[in-house]
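**Q** The residues making up each chain are set out below.
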Amino acid sequence: MFNYQTLNVYKTARELSSKNYYQVIYTNAKEIGLRIFENTIDLTEIQIYFLNYLNFYSNLNTDIALGDVNEIVRDNFIFEDAYTLFKYKNKKPKFSTTPETKPNKSGKETVRTTSQFVFRRKPDGE
Amino acid sequence: MSVEEEIQEKLEEVKKQLNLSLVEQLLTNNTHEFEVEGVKYRVTKPTFAQKKQINTIKMKTLNKLLRDPECLFEKDIIALLKAKGIDIPDMENQLKVLETQKEKLQMSLGEALAEQKTESNLHVFKEEIEKIETKQQTISFQKAFYLENTIENQVAVEIYCYTSYLITEKAEEESGQDIKWAKPWKDYDDFTNSSEQLINSVTFYATIISQGNVSV
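So the sequences go chain by chain: X and A.
Each residue of the first sequence is one higher than the one before, starting from 2 at the first, in my numbering.
Each residue of the second sequence is one higher than the one before, starting from 1023 at the first, in my numbering.
Careful: at least some of the hints might be erroneous.
Said to hold, decoys possible - Simulated coverage check for chain A against chain X, where a stretch passes if three residues somewhere in it have a Cβ under 8 Å from a Cβ of chain X:
#1 1041-1048
#2 1133-1139
#3 1144-1150
To be verified - Going by beta-carbon spacing under 7 Å, a handful of chain X positions derived as facing chain A:
#4 Glu39
#5 Thr45
#6 Val70
#7 Val74
#8 Ala83
#9 Leu86
Derived from the structure by calculation, the hints contain no laboratory data.
Note that CB positions come from ideal geometry on N, CA and C, so glycine has one too.
Based on the provided sequences and hints, a complete structural model is requested.
**A** As structure tokens, this is what we get:
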């Protein structure tokens, strides 16, 4: 019944990973440790590929839910790949890892050491 | 839609569902059970000992091919092809150029999607990307055809066949839930003399289960 020559196993695995059923299992696997496969170790290459795409679609669905992208992105693989590539190539870190520099009165540059966080002093007696 | 077209569409849908269910089964575990000519078989991801055996076969096959003056390495075949006017490095360059073009289009399409542009705008990019992918596939098929008989390729084919032979087991006895598994063939020659249907099924499943775990 199966035509081994024409069956694209990896493309089909990607299609499966986008299905709501597997997305629910993936979310639960992350949150409550639900098992995705019968084997917990010694994964095959196609299982790893499937896991990567579960994560890929989970991120894409989050972006749709947040309104970052329209649902049309899920229309085909080309849209999905293009949006994800664009998103990751334009990704900026949330917090700058290099310290900001600002020239002082003498003209020399000094490093600003302002913290990203505000620490409140604990009330006396604590 | 005509009746023939409707039947064709339904058949396509059934085929798609069967493919989905087959791949679903392949994903479930690192072992896969299947039936050929009424007999139950299974393939399991190769163990360390099996990988060592496969490596030995790789060496033996390579040594055998090296002694055969008719067999050539990829680089030698590329040189011969160049003399006949077939330029493999040029094909590789074309593939690189196409990949760069594709990535540029993907970035533009990604930006259009992020900016939530109209559907017609998006489809213009999609069609361009599809054209590039078709060109990439044509060049890749041509390249694969010309390099099919290299020593490297023959070693890879032999490894996949031997791996299939090594990791396949046949159900001997079934008592309730328990199945006794045994080697289906006396030796490798016995495997190569099996029916084409069995060899096709076994190599297909074995290749998927062992992919990435056997160094070709």
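**Q** Give a verdict on every hint.
**A** Results for each hint:
1. Counting residues of the stretch 1041-1048 of chain A whose CB lies closer than 8 Å to any CB of chain X gives 6, which reaches the minimum of 3, so the coverage claim holds.
2. For the stretch 1133-1139 of chain A, the proposed coverage by chain X is satisfied: 4 residues have a C-beta within less than 8 Å of a C-beta in that chain, meeting the threshold of three.
3. Residue count for the stretch 1144-1150 of chain A with a Cβ under 8 Å from a Cβ of chain X: 3. That meets the three needed, and the coverage hint holds.
4. At its closest, the beta carbon of Glu39 of chain X sits 4 Å from a beta carbon of chain A; the interface hint therefore holds under the 7 Å criterion.
5. With 7 Å as the threshold, the beta carbon of Thr45 of chain X comes within range of chain A, its nearest partner Cβ sitting at about 5 Å, so the hint holds.
6. Residue-level restraint check for Val70 of chain X holds (minimum Cβ-Cβ distance to chain A is 6 Å; threshold 7 Å).
7. Because the closest C-beta pair between Val74 of chain X and chain A is about 5 Å apart, less than 7 Å, the hint holds.
8. Against a cut-off of 7 Å between C-beta atoms, the interface hint on Ala83 of chain X holds, since the closest Cβ of chain A lies about 4 Å away.
9. Given hint, Leu86 of chain X at the interface with chain A, holds; its Cβ is 5 Å from that chain's nearest Cβ, closer than 7 Å.
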